[in-house]
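Note that numbering that gives the first Met the number 0 has the sequence shown beginning at 0, numbered continuously upward.
Among the hints, a few may not be true.
Stated by the list, open to error - Here are the in silico distance ranges between beta carbons for each label pair: (1) 4 with 84: 30 to 38 Å; (2) 26 with 95: 16 to 24 Å; (3) 32 with 10: 17 to 25 Å; (4) 12 with 74: 17 to 25 Å; (5) 33 with 74: 30 to 38 Å; (6) 50 with 30: 32 to 40 Å; (7) 57 with 85: 17 to 25 Å.
Unchecked claim - The calculated SDA-like cross-link candidates involving lysine to any residue, where the alpha carbons are at most 20 Å apart (straight line), are: (8) 36 with 6; (9) 78 with 29; (10) 78 with 6; (11) 63 with 29; (12) 63 with 78; (13) 78 with 36; (14) 36 with 94; (15) 78 with 94; (16) 63 with 24; (17) 72 with 29; (18) 63 with 16; (19) 72 with 36.
Hints are computed from structural coordinates only; laboratory data are not their basis. Cβ atoms here follow ideal geometry from the backbone N, Cα and C, with glycine treated the same way.
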Amino acid sequence: MTQFRFEARVIYWRGPSPFFFVPIPLQHSEEIRQISKFVTYGWGMIPVEAVIGGVAFSTSLFPKDGTYLLPLKVNVRRKISVTADDLVSVEMTVHSARR
């Protein structure tokens with residue numbers, strides 16, 4: 000398991016399915032890329048456990064534009080009261096994919 004701590008601004012992606020994400024800082028992207036082949040379960044998806052504002056949740060990072068995005072589910076955003084452009088502190092642990 001590999002752990003990361005960082006701050007980043009929440010972004011809103013309008014795409015086909017609107018969603019909120021925390022972009023992983025570029026300084027962590029290379030390390031994640033190096034371990035990705037050991038932890039991905041396909042399509043570059045990487046399982047993680049994240050904590051923001053004291054709320055822990057499981058999700059999967061996915062690659063986007065040379066970095067990765069951490070999805071923020073609606074129930075998580077409501078519990079921590081965040082929206083686009085809010086600065087959040089993230090503690091994140093990358094896990095091995097379950098096979």
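Verification of the supplied hints:
1. A C-beta distance of roughly 21 Å is found between residue 4 and residue 84, which places it outside the suggested range of 30 to 38 Å.
2. Between residue 26 and residue 95, the C-beta spacing of about 23 Å keeps the proposed range 16 to 24 Å intact.
3. The hint said 17 to 25 Å for the Cβ distance between residue 32 and residue 10, and at roughly 20 Å that hint holds.
4. A hinted range of 17 to 25 Å for the beta carbons of residue 12 and residue 74 is consistent with their spacing of about 18 Å.
5. Between residue 33 and residue 74 the beta carbon distance is about 32 Å. The supplied range of 30 to 38 Å therefore holds.
6. Hint check: residue 50 to residue 30, Cβ distance near 19 Å, so the stated range 32 to 40 Å is violated.
7. Look at residue 57 against residue 85: about 21 Å separates their beta carbons, and that is inside 17 to 25 Å.
8. Only pairs whose Cα atoms come within 20 Å are accepted, and residue 36 paired with residue 6 is rejected, the gap being roughly 25 Å.
9. Between the alpha carbons of residue 78 and residue 29 the distance comes to roughly 31 Å, so the proposed pair goes past 20 Å and is violated.
10. Between the alpha carbons of residue 78 and residue 6 the distance comes to roughly 18 Å, so the proposed pair stays at or under 20 Å and holds.
11. Between residue 63 and residue 29, the direct Cα distance comes to roughly 13 Å. Compliance with the 20 Å bound is thereby established for this hinted pair.
12. The straight-line distance between the Cα atoms of residue 63 and residue 78 is roughly 26 Å, outside the 20 Å bound, and the hint therefore fails.
13. Simply put, residue 78 and residue 36 have alpha-carbon atoms about 33 Å apart, too far for the 20 Å limit, and the pair is violated.
14. At most 20 Å may separate the alpha-carbon atoms for a hinted pair to count; residue 36 and residue 94 meet this at roughly 12 Å.
15. Taking the CA atoms of residue 78 and residue 94, the gap is near 24 Å; set against the 20 Å cutoff, the hint is violated.
16. Taking the CA atoms of residue 63 and residue 24, the gap is about 12 Å. The hint holds against a cut of 20 Å.
17. Between residue 72 and residue 29 the alpha-carbon distance is near 25 Å, which puts this suggested pair outside the 20 Å criterion.
18. Proposed proximity of residue 63 and residue 16 is supported: the alpha carbons are some 15 Å apart, at most 20 Å.
19. Between the alpha carbons of residue 72 and residue 36 the distance comes to roughly 25 Å, so the proposed pair goes past 20 Å and is violated.
The structure fails hints 1, 6, 8, 9, 12, 13, 15, 17, 19 (numbered hints given earlier, in ascending order).
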